[in-house]
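**Student:** Take 39 as the starting number for the sequence shown in the numbering used here and just add one per residue.
Among the clues, some could well be false.
As the list claims (entries may be wrong) - Below, a list of computed lysine to aspartate or glutamate pairs in the DMTMM-like style, where the Cα atoms sit at most 20 Å apart: (1) K87 with D198; (2) K95 with E105; (3) K147 with E184; (4) K61 with E239.
As the list claims (entries may be wrong) - Simulated restraints on C-beta separations: (5) A86 with V240: 33 to 41 Å; (6) A203 with Q149: 16 to 24 Å; (7) S104 with A208: 36 to 44 Å; (8) P237 with E190: 39 to 47 Å.
Calculated from the structure, these hints are not laboratory results.
Glycine included, each C-beta is placed from N, C-alpha and C at the ideal position.
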Amino acid sequence: MRVEIWSDIACPWCYVGKARFEKALDAFPHRDQVEVVHRSFELDPRRAKGDIEPVLKMLSQKYGMSEAQARAGEENLGAQAAAEGLAYRTEGRDHGSTFDLHRLLHFAKEQGRQDALLQILYRANFAEERSVFADADAYLVELAVEAGLDAEGARAVLADSEAYADEVRADEREAAELGANGVPFFVLDRKYGVSGAQPLEVFSRALTQAWADA
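Construct the entire structure; sequences and hints are all you get.
**Tutor:** As structure tokens, then:
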């Protein structure tokens, strides 16, 4: 059985949803026969590389809310993340383009290190003080090496703006064709879809149903 997950590294609910899905998968009797593939989705596809701003400012402008309201939302997300055993910084994070991060994830997929890199990118973006968007290339190479990738290979991908760009865009077109207008979006064997960071029980039921219909 194959599970495809469309997500964005800048999406906190993707960070939380991945943890919830993985808990459901860990408890699934046939987990060793489930292939998980991560697909690209940019929440802010028009943002240029280097166009960086504080998360609270971005949220305030995007949703027409005060910074205090944005901060309250971040604190709620922090609590949701903590409930899944995840670290989450509610202050001081940056927002920027994730296109290069998605390109790097496609490179990691070819090396069998996609999930490892994705988890490291989530941790770096949501839990650590250093921004994945500021001085991005140097830091991303460090994170790629931590995930088990070759530094020169990762550096070459980041230096070539078209490397794996078609793969990222293809994922995003496919998401649109499937009707996904937000993430996380989980597709099980192209028969069942789960939208959002649902409770563990929802993922468990979806896995069981998809397996029964396989």
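**Student:** Each hint: holds or not?
**Tutor:** Now the hints, each set against the structure:
Proposed proximity of K87 and D198 is supported: the alpha carbons are some 13 Å apart, at most 20 Å. Between the alpha carbons of K95 and E105 the distance comes to roughly 7 Å, so the proposed pair stays at or under 20 Å and holds. Of the pairs offered as hints, the one joining K147 and E184 holds, with about 15 Å between alpha carbons and a cut-off of 20 Å not exceeded. At most 20 Å may separate the alpha-carbon atoms for a hinted pair to count; K61 and E239 meet this at roughly 10 Å.
Checking the proposed 33 to 41 Å range against A86 and V240 shows it holds: the Cβ atoms sit about 36 Å from each other. Separation of A203 from Q149 is about 18 Å and conforms to the stated range, judged on CB atoms against 16 to 24 Å. Between S104 and A208 the Cβ separation comes to about 39 Å, which falls inside the hinted range of 36 to 44 Å. Between P237 and E190 the C-beta distance comes to about 43 Å, which sits within the given range of 39 to 47 Å.
Of the numbered hints given earlier, the model fails none.
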